[in-house]
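Construct all of the structure, not just a fragment, from the sequences and the given hints.
Listed here are the chains, written in short residue letters.
2 protein chains.
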Amino acid sequence: MKIVKKISLLRKDLTLLRRKGGRIGFVPTMGYLHEGHLSLVRQAKKDNDIVVVSIFVNPLQFAPNEDFRHYPRDLKRDAKLLKGFCDILFAPSSDELYRKDFCSSVEVKGTDEALCGLSRKGHFTGVSTVVAKLFNIVLADNAYFGRKDAQQAAVIKKMVSDLDFPVKVHVLPIVREKDGLAMSSRNTYLTIEERRQAVVLFQALRSAERMAAGGIRDSAKIRQALEDFIGHTPSARIDYIEIADARTLAPLARIEKDALLLLAVYIGKTRLIDNTLLKVKKLAVTSGY
Amino acid sequence: MKIVKKISLLRKDLTLLRRKGGRIGFVPTMGYLHEGHLSLVRQAKKDNDIVVVSIFVNPLQFAPNEDFRHYPRDLKRDAKLLKGFCDILFAPSSDELYRKDFCSSVEVKGTDEALCGLSRKGHFTGVSTVVAKLFNIVLADNAYFGRKDAQQAAVIKKMVSDLDFPVKVHVLPIVREKDGLAMSSRNTYLTIEERRQAVVLFQALRSAERMAAGGIRDSAKIRQALEDFIGHTPSARIDYIEIADARTLAPLARIEKDALLLLAVYIGKTRLIDNTLLKVKKLAVTSGY
Numbered sequence: 000m001k002i003v004k005k006i007s008l009l010r011k012d013l014t015l016l017r018r019k020g021g022r023i024g025f026v027p028t029m030g031y032l033h034e035g036h037l038s039l040v041r042q043a044k045k046d047n048d049i050v051v052v053s054i055f056v057n058p059l060q061f062a063p064n065e066d067f068r069h070y071p072r073d074l075k076r077d078a079k080l081l082k083g084f085c086d087i088l089f090a091p092s093s094d095e096l097y098r099k100d101f102c103s104s105v106e107v108k109g110t111d112e113a114l115c116g117l118s119r120k121g122h123f124t125g126v127s128t129v130v131a132k133l134f135n136i137v138l139a140d141n142a143y144f145g146r147k148d149a150q151q152a153a154v155i156k157k158m159v160s161d162l163d164f165p166v167k168v169h170v171l172p173i174v175r176e177k178d179g180l181a182m183s184s185r186n187t188y189l190t191i192e193e194r195r196q197a198v199v200l201f202q203a204l205r206s207a208e209r210m211a212a213g214g215i216r217d218s219a220k221i222r223q224a225l226e227d228f229i230g231h232t233p234s235a236r237i238d239y240i241e242i243a244d245a246r247t248l249a250p251l252a253r254i255e256k257d258a259l260l261l262l263a264v265y266i267g268k269t270r271l272i273d274n275t276l277l278k279v280k281k282l283a284v285t286s287g288y
Numbered sequence: 000m001k002i003v004k005k006i007s008l009l010r011k012d013l014t015l016l017r018r019k020g021g022r023i024g025f026v027p028t029m030g031y032l033h034e035g036h037l038s039l040v041r042q043a044k045k046d047n048d049i050v051v052v053s054i055f056v057n058p059l060q061f062a063p064n065e066d067f068r069h070y071p072r073d074l075k076r077d078a079k080l081l082k083g084f085c086d087i088l089f090a091p092s093s094d095e096l097y098r099k100d101f102c103s104s105v106e107v108k109g110t111d112e113a114l115c116g117l118s119r120k121g122h123f124t125g126v127s128t129v130v131a132k133l134f135n136i137v138l139a140d141n142a143y144f145g146r147k148d149a150q151q152a153a154v155i156k157k158m159v160s161d162l163d164f165p166v167k168v169h170v171l172p173i174v175r176e177k178d179g180l181a182m183s184s185r186n187t188y189l190t191i192e193e194r195r196q197a198v199v200l201f202q203a204l205r206s207a208e209r210m211a212a213g214g215i216r217d218s219a220k221i222r223q224a225l226e227d228f229i230g231h232t233p234s235a236r237i238d239y240i241e242i243a244d245a246r247t248l249a250p251l252a253r254i255e256k257d258a259l260l261l262l263a264v265y266i267g268k269t270r271l272i273d274n275t276l277l278k279v280k281k282l283a284v285t286s287g288y
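Those protein sequences? They're chains R and Y, same order as listed. According to numbering that gives the first Met the number 0, the first sequence is numbered sequentially starting from 0. According to numbering that gives the first Met the number 0, the second sequence is numbered sequentially starting from 0.
Read the hints as simulated data drawn from the structure, not as lab findings. Just so we're clear, the structure is a prediction, and the values are computed from it rather than from any experiment. Even for Gly, the Cβ is constructed at its ideal location relative to N, Cα and C. Be aware that one or more of the hints could be misleading.
[Said to hold, decoys possible] Short derived list, chain Y residues pointing at chain R, Cβ under 8 Å:
(1) Ile6
(2) Cys102
(3) Ser103
(4) Gly109
(5) Met158
(6) Asp161
(7) Phe164
(8) Pro165
[Unchecked claim] Rough simulated footprint, nothing fancy, chain Y against chain R, three-plus residues with beta-carbon under 8 Å:
(9) 101-112
(10) 135-142
(11) 151-160
This is the structure in structure tokens:
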């Protein structure tokens with residue numbers, strides 16, 4: 000595995016590989032890799048000739064009050080984890096990606112008005128801007144994202160479709176710890192006691208899945224039940240509970256088709272997100288004839 | 000020359016050509032081609048193996064009160080003019096480029112706060128968004144723009160640099176009519192009398208060049224002289240006269256290095272733009288030693 004820090008050098012390597020007809024798979028990350036990231040990298044390796052993983056803690060997607068400075072970083076550890084799956088690890092500096100007088104942005108409209116966007120104004124424009132840059136640099140055939148960041152995946156898919164980026168976006172399943180907690184680099188912020196309580200997100204999802212499977216169609220009813228349920232966990236504070244269209248993430252008052260349940264919950268000071276598909280059983284239709 | 004209307008078909012053709020190692024030159028236009036456009040196409044033909052010209056009157060870059068509906072269109076005439084220089088003419092419909100629920104944009108900050116942006120709010124975001132899409136579709140090695148639209152060229156160059164689009168942008172000289180009027184598809188809007196008076200833009204530029212060459216460094220003085228000069232033309236109404244840094248287009252109070260003079264003037268109801276480089280003669284420096 001080669002570690003590349005300069006855009007120009009990465010481009011040189013990839014141009015050569017591309018001319019030979021090699022298919023390029025790309026996994027953009029902020030590093031501090033866990034099994035969730037690695038599942039993306041392994042899939043990329045299966046689907047492509049060359050796998051590029053980027054590690055870049057993107058300042059644009061953090062608000063001033065957020066955890067940019069404290070976000071965990073360990074390039075050596077990450078490089079070790081990637082060996083055998085990843086061909087090129089792209090780890091640019093902030094100055095390499097955001098040069099003097101940088102002032103452009105890529106925006107998918109409406110992302111600040113829903114779900115994580117509401118409490119993280121500008122976050123998704125930061126994400127779509129850096130991903131647009133990385134897409135332009137890597138020119139991958141396939142790019143891989145995790146379903147845990149469901150809104151991010153929806154924003155990237157919309158950006159790619161609207162702006163005709165020449166890449167296929169794959170969104171892969173959430174990878175969970177043994178007790179069900181969705182893997183996240185931010186889990187390292189949790190104290191031992193908080194880590195124990197953090198399973199409440201997963202338990203809430205499971206409980207909602209059961210309610211939907213049991214025939215409850217009213218989103219407000221499910222949300223209320225989850226509020227009560229999460230409310231019993233001392234260190235938990237709900238940011239949002241939303242039931243939304245699985246593709247557009249538009250809120251759904253009733254679950255008439257498969258819908259996405261999305262959660263953001265603070266455990267202590269750490270904001271965690273998770274989501275699951277609420278499946279609707281097809282009802283037998285009695286015809287009048 | 001092949002005329003292609005679908006993104007998917009254009010991509011298929013270009014992927015094949017690219018695999019053979021062909022260099023792609025791209026000239027994005029709104030059609031109703033004149034010698035200014037054709038000079039770009041000819042240069043593209045010189046520099047590349049394949050030339051793609053797009054013709055698309057982009058609704059995103061017109062404000063509701065502007066001339067989108069009346070903008071001149073004549074694909075047959077354009078196709079005829081391009082024969083021999085252009086390999087693929089890409090002429091998509093509006094529905095092909097802006098599909099259902101389109102809601103993404105590419106923005107270079109500050110473009111609404113200067114020059115044409117002030118009287119055409121949102122115009123440059125419309126331009127950068129459609130050019131980003133076209134760049135992603137064509138994936139050209141080289142793209143060609145005219146210097147008449149100096150602010151547009153600066154915005155595109157900034158977008159390409161900031162967002163790492165894998166294309167080299169070339170900005171070619173203004174092509175003029177015999178009397179000096181810069182060629183523009185919008186010149187067709189002028190009445191015969193207006194067309195006669197429209198030369199005032201070119202004459203104003205020449206007069207400013209002489210003032211700068213004569214040692215006048217004070218931008219306000221040059222602008223005042225041009226206001227007076229243009230003011231004598233009955234059908235002319237000034238939108239702006241600006242002297243700016245040739246690269247960033249930031250206004251300059253004094254002309255200490257080569258600067259760009261930019262004009263926007265209504266002739267009747269037709270808004271015309273033009274610009275020229277004000278060259279500063281190097282003064283002999285008398286050393287104290």
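Against the structure, the hints:
| no. | hint | verdict |
| --- | --- | --- |
| 1 | Ile6 | holds, 7 Å |
| 2 | Cys102 | holds, 4 Å |
| 3 | Ser103 | holds, 4 Å |
| 4 | Gly109 | holds, 6 Å |
| 5 | Met158 | holds, 5 Å |
| 6 | Asp161 | holds, 4 Å |
| 7 | Phe164 | holds, 5 Å |
| 8 | Pro165 | holds, 6 Å |
| 9 | 101-112 | holds (count 9) |
| 10 | 135-142 | holds (count 3) |
| 11 | 151-160 | holds (count 3) |
The structure meets every hint from the earlier list without exception.
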